[in-house]
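Chains as they are written, first to last, in the working numbering: chain A, 1 to 713; chain B, 1 to 713.
Treat each hint with caution, since some may be false.
When chains are identical, the list treats them as one kind, so a pair holds in a single copy or across two.
[Said to hold, decoys possible] Pairs of lysine-lysine, DSS-like flavour, derived with a Cα cap of 25 Å:
1) Lys33 x Lys477
2) Lys623 x Lys432
3) Lys28 x Lys406
4) Lys39 x Lys111
5) Lys114 x Lys325
6) Lys292 x Lys335
7) Lys682 x Lys708
8) Lys435 x Lys472
9) Lys472 x Lys432
10) Lys432 x Lys477
11) Lys111 x Lys325
Calculated directly from the structure, the hints in this document are not laboratory data.
Number of protein chains: 2
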Amino acid sequence: MMRRLALLLLLCTFSFLVNAQVITSPDKNFTMKFELTPKGEPTYQLTYKKKPVIKQSKLGIKTQDVPSFMEGFTVTDTKQNSVDTTWEPIWGEEKTIRNNYNELLVTLAQKDQKDRHIRIRFRLFNDGLGFRYEFPEQDNLSYFIVEDEHTEFNLTGDHKIYWIRGDYNTNEYAYTTSQISEVPKLIEKATIDVHAQVPIDTLSVQTPSMMKTADGLYINIHEAALVNYPAMHLNVDPKNFRLSSHLTPDAVGNKGYLQTDAQTPWRTIVVSDKATDILESRLILNLNEPTKYEDVSWIKPLKYIGVWWEYFVAGKSTWAYGTDKNVKLTDDPNKLTPSGRHGATNENVKKHIDFAAKHGFDAVLVEGWNIGWEDWFGNWKEDVFDFVTPYPDFNVKELEQYAKSKGVKLMMHHETSSSVRNYERRLDEAFKFMKEHGYDAVKTGYVGKIIPRGEYHDGQWMVNHYIYVAEKAADYKIMINSHEAVRPTGLHRTYPNWIAQESARGTEFEAMGGLAPDHATILPFTRMMGGPMDYTPGIFQTDLSYYNTGGNQRVNTTLVKQLAYYVTMYSPLQMAADLPENYERFPDAFQFIKDVAVDWDNTWVQEAEPGDYVTIARKAKGKDEWYVGGITDEKARTATVRFDFLPKGKEYIATIYADATDASWDKNPQKYTIRKVKVNSKSVLKQPMAPGGGVAVSVKEGSKQDMKGLKKI
Amino acid sequence: MMRRLALLLLLCTFSFLVNAQVITSPDKNFTMKFELTPKGEPTYQLTYKKKPVIKQSKLGIKTQDVPSFMEGFTVTDTKQNSVDTTWEPIWGEEKTIRNNYNELLVTLAQKDQKDRHIRIRFRLFNDGLGFRYEFPEQDNLSYFIVEDEHTEFNLTGDHKIYWIRGDYNTNEYAYTTSQISEVPKLIEKATIDVHAQVPIDTLSVQTPSMMKTADGLYINIHEAALVNYPAMHLNVDPKNFRLSSHLTPDAVGNKGYLQTDAQTPWRTIVVSDKATDILESRLILNLNEPTKYEDVSWIKPLKYIGVWWEYFVAGKSTWAYGTDKNVKLTDDPNKLTPSGRHGATNENVKKHIDFAAKHGFDAVLVEGWNIGWEDWFGNWKEDVFDFVTPYPDFNVKELEQYAKSKGVKLMMHHETSSSVRNYERRLDEAFKFMKEHGYDAVKTGYVGKIIPRGEYHDGQWMVNHYIYVAEKAADYKIMINSHEAVRPTGLHRTYPNWIAQESARGTEFEAMGGLAPDHATILPFTRMMGGPMDYTPGIFQTDLSYYNTGGNQRVNTTLVKQLAYYVTMYSPLQMAADLPENYERFPDAFQFIKDVAVDWDNTWVQEAEPGDYVTIARKAKGKDEWYVGGITDEKARTATVRFDFLPKGKEYIATIYADATDASWDKNPQKYTIRKVKVNSKSVLKQPMAPGGGVAVSVKEGSKQDMKGLKKI
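Based on the provided sequences and hints, a complete structural model is requested.
Next comes the structure, spelled out in structure tokens:
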């Protein structure tokens with residue numbers, strides 16, 4: 001009896017071994033093991049420096065129309081491969097990115113579906129794991145419907161998690177920091193009111209999902225290359241500390257429609273024992289495809305101002321021109337009833353163009369220039385904007401010429417109100433209109449519930465729409481900055497004219513209830529893992545009661561923290577969001593915004609802890625200039641900057657923009673100091689930051705004359 | 001006590017009278033009474049020649065977002081108006097149409113919604129009633145969602161009804177004739193298999209709904225001017241003989257999204273004690289808006305042949321070029337695996353062009369010319385066709401030139417597979433492609449389930465799509481013949497380039513199970529009340545076993561009945577659907593198809609009974625030529641044609657195409673006689689028709705020489 005048992009065990013072990021495969025990361029820190037369960041379910045597990053990160057976790061796709069890809073698999077082939085290359089992004093945080101991984105490609109077939117196979121491709125980098133499901137073209141598999149994806153992430157314990165609730169329509173929630181086990185009791189409180197929200201009714205959180213283990217390991221779960229598939233949220237099992245994929249459904253409850261050759265997006269797990277490594281990870285970009293465009297010369301990072309913040313704070317102006325409550329696109333704009341409070345007037349836009357020209361901004365965004373703003377909101381209205389009909393007080397040609405004469409670009413605004421058929425129908429005409437009038441960048445908006453009704457912002461249908469718009473825009477050499485779109489997954493590598501996105505709770509919410517002082521220390525670890533954010537920083541007048549429009553609202557940062565955002569919140573498209581007149585009140589601080597680069601040769605994350613602080617240094621692209629930003633949450637902290645990224649043996653002038661000693665986000669937010677010092681590669685700055693404050697540093701070459709009298713740091 | 005009661009009664013009567021309004025038709029045959037119930041519910045009732053047709057029936061709209069328009073109404077205004085004008089359609093059954101009605105416009109407000117009002121507009125013609133709900137622009141009503149419409153049609157008894165089941169996606173059912181009370185027991189049997197069907201789960205039938213009362217009154221219920229609203233089906237209460245509106249929902253279950261100034265389509269009730277009057281009614285056209293187009297010179301009725309019927313019967317050819325099961329629009333068509341059975345080859349198309357040129361047809365339709373047919377069906381595939389990429393054996397330029405040299409137009413085919421976003425995205429490019437290659441008409445197809453998923457063929461979203469396509473096509477001077485679109489409601493008056501539709505079970509089903517011999521006697525009373533049908537008649541080779549492709553299938557008519565269809569099935573776009581070689585076998589009968597007009601000065605319905613027979617005479621537009629068609633169901637009958645429509649005192653030559661005495665649809669369908677006789681305005685033809693047969697007559701002027709030896713009828 002014992003013998004037979006032993007034999008049985010041996011056989012089990014044997015079968016177990018055949019179906020198991022192990023790869024390590026190039027630096028050997030990571031080990032990923034693929035194996036099948038006795039039922040033939042694919043699983044993977046991940047260790048980092050010999051500690052388990054992801055315990056054995058199942059993989060599978062439930063389908064309609066064809067048998068599911070869940071169990072009964074055998075491994076019919078495996079391939080391993082190693083890659084170590086570099087590539088240059090069109091724009092980015094680094095001039096050169098290393099793509100270094102070991103790959104395992106497992107081919108799986110089911111006993112009862114022998115003529116059919118799928119693949120799972122794992123890529124193990126020095127900063128983590130990416131894997132995806134692949135459905136090769138084959139005789140017996142062409143079309144199928146994804147009913148659900150069952151990808152598990154079995155965590156090793158009750159980690160700390162920085163989370164927002166899963167929602168099919170919006171990412172604009174405030175973050176909650178808690179243990180995984182605490183999610184259930186906090187989820188309702190975390191579900192703050194956001195327009196058009198559709199919170200997922202199972203316990204779930206959004207990706208990028210940032211976690212920290214009790215022993216100091218940082219884990220980030222997200223996805224890369226979200227194309228022709230719905231966005232993934234994560235179901236949370238708060239007892240077993242298991243996360244699992246939750247795909248966004250379509251109008252009839254299906255998740256996706258695939259045609260072979262097809263693949264899912266990559267599921268990504270970035271891991272390190274240093275938080276700074278998480279922010280320096282380029283794993284998600286590496287898992288995206290190189291750009292599809294042959295000519296990218298027209299894609300240029302830029303800094304802009306806009307007719308925008310005054311709509312939130314100044315109380316004097318509105319997007320809408322008229323007071324009418326019922327507007328049709330066939331209406332004559334001249335017959336609207338003017339409110340006298342319209343923001344996008346010729347005069348106001350010219351004022352902004354003048355300011356942009358004077359201070360070296362590339363562009364001026366103008367929102368509220370086109371008919372439809374009177375009744376665009378909340379009516380689920382299909383023919384809501386036409387994108388080509390200006391209000392009577394916005395003279396397209398006159399402003400085009402004026403901007404041109406000042407060497408400034410106007411930036412278009414296309415609020416779609418999520419009426420997507422309407423937008424797609426008018427897209428060619430809208431883009432032609434832009435090019436005819438000198439616009440080469442557009443901010444798109446997707447406020448509200450989607451039309452076609454029943455679809456969601458995060459569903460496969462909309463995912464394909466955003467890419468359609470990006471590609472169509474590229475045909476016209478137009479750059480896109482999308483707001484309220486699905487959160488990014490590194491697709492800006494493939495579509496570099498999709499230059500930035502919002503897809504999170506940004507600065508506008510400082511005027512609508514405020515952002516927690518730790519918000520911007522979490523974003524780089526969450527939302528921004530997927531790509532640049534048009535966070536619209538630069539608010540100098542943080543106390544909004546200044547505008548006498550009632551309430552006691554404030555932007556919950558110091559002025560200096562707003563400067564630091566230009567470095568900590570990476571984007572090739574940066575707004576100086578405050579009103580021009582506020583910048584004119586603080587010209588010395590404004591100088592940092594004027595100076596700071598928007599494209600970089602290198603990035604060095606100096607120090608970071610999600611929810612607490614982030615300090616980053618970057619080298620301006622093609623220039624011997626460096627910029628440093630440090631931010632802290634509600635606690636005063638000292639930022640440490642090591643200037644060892646500077647060329648050795650040379651002195652530079654550092655201009656340090658610092659919170660004054662008695663500054664804080666809620667008291668004295670506008671008290672700051674600016675000092676110039678000499679720095680070299682051995683310099684270290686220890687700079688106190690106020691509660692809710694930060695520090696910003698520019699480093700430039702200086703003549704001997706400039707250096708004269710400057711102290712060392 | 002009695003006094004108080006009397007007073008109360010008097011008050012009630014008074015209030016009753018105030019809220020009641022009566023109008024009559026211009027000829028006084030109809031009386032329509034509007035009144036409010038004690039609960040303030042709007043109602044109407046209709047009598048014809050003093051007989052009730054519609055008993056008191058409620059009207060109302062249930063809404064979301066705003067209080068419903070169901071009850072609590074008072075009449076705040078009424079207006080009456082009389083109209084008697086004529087107008088000329090761009091093309092049609094008559095050169096001049098009289099528009100003669102008395103109108104009642106009732107304005108209604110609710111006590112608890114005093115600042116809000118709606119209107120109900122009734123137009124009472126000599127052929128029936130049209131009414132609609134109107135929502136004027138006003139301060140307190142701009143946007144609302146239609147949750148449902150509650151329009152009742154309370155019938156006076158258990159009428160005979162010619163019906164197909166209510167279905168959100170398809171009209172391609174076979175008709176059932178029964179009493180209303182019998183619908184429940186027959187509905188499952190009536191629900192035959194139709195691709196992509198979504199039978200309504202309440203007991204319901206489609207419109208146009210044709211009924212006949214026990215005392216010989218004919219009643220047709222449909223709608224006119226279906227714009228920006230879902231199509232209406234009719235719920236059936238088989239005990240109370242009550243029909244009520246059942247609107248097609250959208251993906252989230254709502255029925256419609258309206259912005260004031262808005263109105264529903266007209267609900268139409270055409271009534272007569274003569275069946276022929278129903279077919280001569282122009283009420284639905286009169287309730288549509290005049291054309292929106294300034295230039296209509298490019299819109300021309302036409303007769304065409306096509307590479308089409310062989311896909312159904314001949315067994316030799318297919319739409320698809322390749323045998324591949326997985327095709328992408330990015331694939332190189334030259335890399336497809338040819339089946340050798342492709343129908344739309346250069347050679348075959350040229351053969352058709354030659355035939356069309358030889359016999360005077362305007363155009364040749366070619367289906368299966370473009371990549372995608374390999375896997376277009378049943379996969380709910382989004383990127384299914386691009387409408388611009390031909391198969392390798394279809395040379396667009398060569399065929400364009402060949403057709404041009406022969407004076408024949410090619411007709412484009414755009415099967416969308418109901419992938420509507422895909423079609424809209426490619427529409428401009430597709431229409432440009434057409435114009436560049438000399439096409440000015442397109443047959444569109446909507447086979448399958450709609451994408452965006454969850455929408456239906458008959459919903460508001462798709463209703464708007466079809467009109468969008470018609471308007472966009474007009475921009476390119478392109479005519480549209482839509483298949484599988486929502487059934488027509490007279491919109492061809494407004495959009496005369498939307499020249500025909502299928503939207504019913506047409507000739508193709510003769511090759512897929514057959515059509516009942518009474519089918520074509522019902523269609524003019526049902527589907528065709530809304531507009532012309534591309535029925536694709538003209539099948540000479542009715543016994544399909546002829547093709548030796550297996551089965552014992554047949555077209556369930558005689559050859560002559562197929563000729564008669566060119567008159568009984570009104571359409572400005574008529575196909576000669578059979579294979580050219582079959583026409584060459586019967587050149588004498590084919591002459592009728594070559595001769596028959598497709599546009600008319602006048603129409604005289606000679607005799608008709610739904611389900612039994614239809615005989616119609618028409619005068620060719622601008623010509624002294626007349627054509628007569630008569631059809632019968634499975635029973636042999638004698639058609640009676642009174643030639644009193646001919647100018648008095650003049651003799652003409654009538655060519656009579658008749659079933660042979662021993663002909664019948666199932667035996668000897670191809671036996672016919674052709675004889676020429678002299679006719680004048682006093683002539684009467686009594687022509688026997690075979691079971692499933694018909695009669696066709698052409699009447700032309702003739703020289704004395706031609707007339708010589710001809711007998712009188």
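Identical-chain pair category, Lys114 with Lys325, by Cα at 25 Å: between (62 Å within a copy, 19 Å between copies)
If the cutoff is 25 Å on CA atoms, where do Lys28 and Lys406 land: within, between, both or neither? Let me know, please. neither (56 Å within a copy, 75 Å between copies)
Are the CA atoms of Lys292 and Lys335 at most 25 Å apart within a copy, between copies, both, or neither? The answer is between: 23 Å across copies meets 25 Å, while 46 Å in one copy does not.
When Cα atoms must be at most 25 Å apart, do Lys623 and Lys432 count as within-copy, between-copy, both, or neither? neither (35 Å within a copy, 49 Å between copies)
If the cutoff is 25 Å on CA atoms, where do Lys435 and Lys472 land: within, between, both or neither? Let me know, please. both (13 Å within a copy, 23 Å between copies)
Given a CA cutoff of 25 Å, do Lys472 and Lys432 count as a within-copy pair, a between-copy pair, both, or neither? This pair counts as both: shortest intra-copy Cα distance 11 Å, inter-copy 18 Å.
As a check of your reading, is Lys33 near Lys477 (CA-CA no more than 25 Å) within one copy, between copies, both or neither? neither (45 Å within a copy, 63 Å between copies)
Could you figure out if Lys111 and Lys325 sit no more than 25 Å apart (CA to CA) within one copy, between two copies, both or neither? between (63 Å within a copy, 24 Å between copies)
Is it within a copy, between copies, both, or neither that the alpha carbon of Lys39 lies no farther than 25 Å from that of Lys111? within (11 Å within a copy, 68 Å between copies)
For Lys682 and Lys708, with the copy left unspecified, which applies at a CA distance of at most 25 Å: within, between, both, or neither? Within one copy only: 20 Å inside a chain, 120 Å across chains, cut-off 25 Å.
Cα distance capped at 25 Å. Does Lys432 pair with Lys477 within a copy, between copies, both, or neither? both (11 Å within a copy, 23 Å between copies)
Violated hints for the displayed structure, listed by number in ascending order: 1, 2 and 3.
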